[in-house]
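Undergrad: Given next are the chains, with one letter for each unit.
Protein chains: 2
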Amino acid sequence: MKEERQLIMLPGPTNVPDRVMRAMMKPIINHRGPKFEALYESIMENLKYVFQTKNEAFVLTSSGTGSIECAFSNLVNSGDKVVVPVFGFFSERLRETAVRRGAKIIEVPVEWGNAPTAEQIKQVIKHEGNVKAVAIVHNETSTGVTVRDLPRIGKITKENNVLLIVDAISILGGDQLPVDDWNIDVCFAGSQKCLTGPPGVAVISVSDKAWEAIKRNNNRPYYFDLMRIREYSAKKATPFTPAIPVFYALDEALKVIREESLENRFKRHATCAKAFYSGFEALKLTPYPKEDVRSNTVIVVNVPSKVNCEMVRQVMRERYRVLIAGGLGKLKGQVFRIGCMGIISQAETLATINALENALADSNFPVDFSAGVEAARKGFQS
Amino acid sequence: MKEERQLIMLPGPTNVPDRVMRAMMKPIINHRGPKFEALYESIMENLKYVFQTKNEAFVLTSSGTGSIECAFSNLVNSGDKVVVPVFGFFSERLRETAVRRGAKIIEVPVEWGNAPTAEQIKQVIKHEGNVKAVAIVHNETSTGVTVRDLPRIGKITKENNVLLIVDAISILGGDQLPVDDWNIDVCFAGSQKCLTGPPGVAVISVSDKAWEAIKRNNNRPYYFDLMRIREYSAKKATPFTPAIPVFYALDEALKVIREESLENRFKRHATCAKAFYSGFEALKLTPYPKEDVRSNTVIVVNVPSKVNCEMVRQVMRERYRVLIAGGLGKLKGQVFRIGCMGIISQAETLATINALENALADSNFPVDFSAGVEAARKGFQS
Chain A
1 MKEERQLIML PGPTNVPDRV MRAMMKPIIN HRGPKFEALY ESIMENLKYV FQTKNEAFVL
61 TSSGTGSIEC AFSNLVNSGD KVVVPVFGFF SERLRETAVR RGAKIIEVPV EWGNAPTAEQ
121 IKQVIKHEGN VKAVAIVHNE TSTGVTVRDL PRIGKITKEN NVLLIVDAIS ILGGDQLPVD
181 DWNIDVCFAG SQKCLTGPPG VAVISVSDKA WEAIKRNNNR PYYFDLMRIR EYSAKKATPF
241 TPAIPVFYAL DEALKVIREE SLENRFKRHA TCAKAFYSGF EALKLTPYPK EDVRSNTVIV
301 VNVPSKVNCE MVRQVMRERY RVLIAGGLGK LKGQVFRIGC MGIISQAETL ATINALENAL
361 ADSNFPVDFS AGVEAARKGF QS
Chain B
1 MKEERQLIML PGPTNVPDRV MRAMMKPIIN HRGPKFEALY ESIMENLKYV FQTKNEAFVL
61 TSSGTGSIEC AFSNLVNSGD KVVVPVFGFF SERLRETAVR RGAKIIEVPV EWGNAPTAEQ
121 IKQVIKHEGN VKAVAIVHNE TSTGVTVRDL PRIGKITKEN NVLLIVDAIS ILGGDQLPVD
181 DWNIDVCFAG SQKCLTGPPG VAVISVSDKA WEAIKRNNNR PYYFDLMRIR EYSAKKATPF
241 TPAIPVFYAL DEALKVIREE SLENRFKRHA TCAKAFYSGF EALKLTPYPK EDVRSNTVIV
301 VNVPSKVNCE MVRQVMRERY RVLIAGGLGK LKGQVFRIGC MGIISQAETL ATINALENAL
361 ADSNFPVDFS AGVEAARKGF QS
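Taken in order, these protein sequences are the chains called A and B.
Going left to right, the first sequence walks through residues 1 to 382 as our numbering numbers them.
Going left to right, the second sequence walks through residues 1 to 382 as our numbering numbers them.
With the rest of the complex left out, here is chain A (with noise of 0.2 Å):
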């Protein structure tokens, strides 16, 4: 296996910072002793920091998805309805996780490249009654599109006292998500996307509201059970042994994340994703999302007529040594997806739009060369 160094372009896992990779070289220590508790104080402080919240919250030795099926276990039974709009390929797993735990789905459908929109969600939560929870995947990262209506939806379900659950995996760091404010009762993420931690562990935050919730729910799962977890964290532990060096990083992430402040991380992924938006544009590459809806975090453009997504990602991938992606599900073949994420800045996004122009001069696109790139450019000067 070579190990050259590749820029890692996906919509997760993103490129991690030295410090934050070498901090999992800490030593291993007992995750029931007082150098745990220290890591543990300080992953919560910059965490609640994170997800702008006084609201508790939790990192469970899980991928992302571990963390959707422990907010749906905690929260929902069989038969409650759950309110979940369909718009891309993870708000579909994130209806499959609710439809497994026994929820009555009220889905909400939405063309993909769109999102969801407060009325909508308003409409389905009146017409349906006893809406218990709905459950937002607020950047979709099948499709690109950020739910842009999140915080008015926080006031609908607030208003209705329905649960609000949202899936923040490719965008909690990378854009403005303040859990308070939006009237968020669970909101979660991986480590491994904006937070730019290797990925292992997820974050979780809880509301007083979906506290109530989980207490009368007498049903609870064992491993991703939120009593026993909140018990141990009030001790400064994981009722499990948790995954120490992924710990370290994620702390380490956070503190990153931190120094910079996240008004400046905003502002930078938002810098980076315009550039990339006027670059492609330039090359005659097409968005996939509405304009309206587009993420910062996660960039996905049409793959041109007559280009082999796959070839193209394989030359980028072998001949220049950019990562990204391509589509899942039916958008398979069909667009390119790119991670604007963590440690992104000038150099990555242009470096990444050059290699993909020359990938697809490589593959006989008619490419304006540099065009890409020097559209790009532009939106760095101030």
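No lab work stands behind these hints, which were simulated from the structure alone.
Misleading hints may appear alongside valid ones.
In silico DSSO-like links for lysine-lysine, alpha-carbon gap of 30 Å or less [as the list claims (entries may be wrong)]:
(1) A:Lys235 <-> B:Lys332
(2) B:Lys26 <-> A:Lys26
(3) A:Lys236 <-> B:Lys332
(4) A:Lys54 <-> A:Lys267
(5) A:Lys48 <-> A:Lys155
In this text, all values refer to a predicted model and were calculated from it rather than measured experimentally.
Got chain A sorted already, so can you dock chain B onto it with the hints?
TA: For chain B alone, coordinates are given in the frame of chain A:
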């Protein structure tokens, strides 16, 4: 947080070899690409060697306890009869996980410090009728007991067409456990015990008989769904983003095991365990478990009267930098628990006994100085 090196003689996590730690520094890669496929293939080959199985085996991004949840939620449904011998803290956990899944538990009570016998299991299966599974903790980490009757229990479950679920969290890779020869249907373990990886993933093997039960179960969870995990495994992938650095480390740890061979590894653990027991006997410390069921991977000895367990552990940690564990559940303050795992050799064994001797002397326990170390050393002379 001071970062001086400690000798981790806990019953997990344990000392991780440097080459295994360093493996975590390999670059983050796409988990949907050729490099990850090569990593996955390498892990699978050596994992089957460690399980001594032709069954399929998988890696879960979770703690060991996640693999318990995985086993029960795939194999067991509401109302299914599950026989669980309970003889310590971790068999209580196994029982609790099955209870949460809705299983009808047939508990086999066994005195702590002792192990269930094949005869007991046989009688319960016969008496109850219609038993779906027997679930056993093979190595009770809380009491230092190994179920030496496990091969005979496997014959009985096979004859009665009952599933055998074995929690091998603290023993796989440290003592004999041939999954196929012993007719074990589902066997699981954590990465951070005898496998000497860092914590963060669990491993699980699944027999053909178990697959039949899993296929019939239409109430599987999402995150731990073994059918989905199997489907992705066929493509050398995981359904959800894996803990890539911990996968790298597990791969390296399994290579270390293969290089040494299971046979040599089991001998080494047995030799060190015997030395521990001899050393403690010379120090007038009595093992907690009955002699014929003593574990080779977790050594549990009674705290002498008038000695404060926590104080001794604190002195060992702060003055001698050796970490050992105290008792769990009803054994809190009553026992010392020592991991005899992974890299364990004469050096770590004698250093631990020496540290305990000195810490006991610091606690005014009458110590015949070096008697423990002397007795233990004899076990290493060939």
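Undergrad: Now, for every hint given, state plainly whether the structure supports it.
TA: Each hint, compared with the structure:
1. A:Lys235 <-> B:Lys332: holds (17 Å)
2. B:Lys26 <-> A:Lys26: Holds - the C-alpha atoms of A:Lys26 and B:Lys26 are around 16 Å apart, at most 30 Å.
3. A:Lys236 <-> B:Lys332: Distance ~19 Å between A:Lys236 and B:Lys332 Cα, so the pair holds.
4. A:Lys54 <-> A:Lys267: The hint holds at about 24 Å.
5. A:Lys48 <-> A:Lys155: Since the Cα atoms of A:Lys48 and A:Lys155 sit roughly 21 Å apart, the hinted pair holds (cutoff 30 Å).
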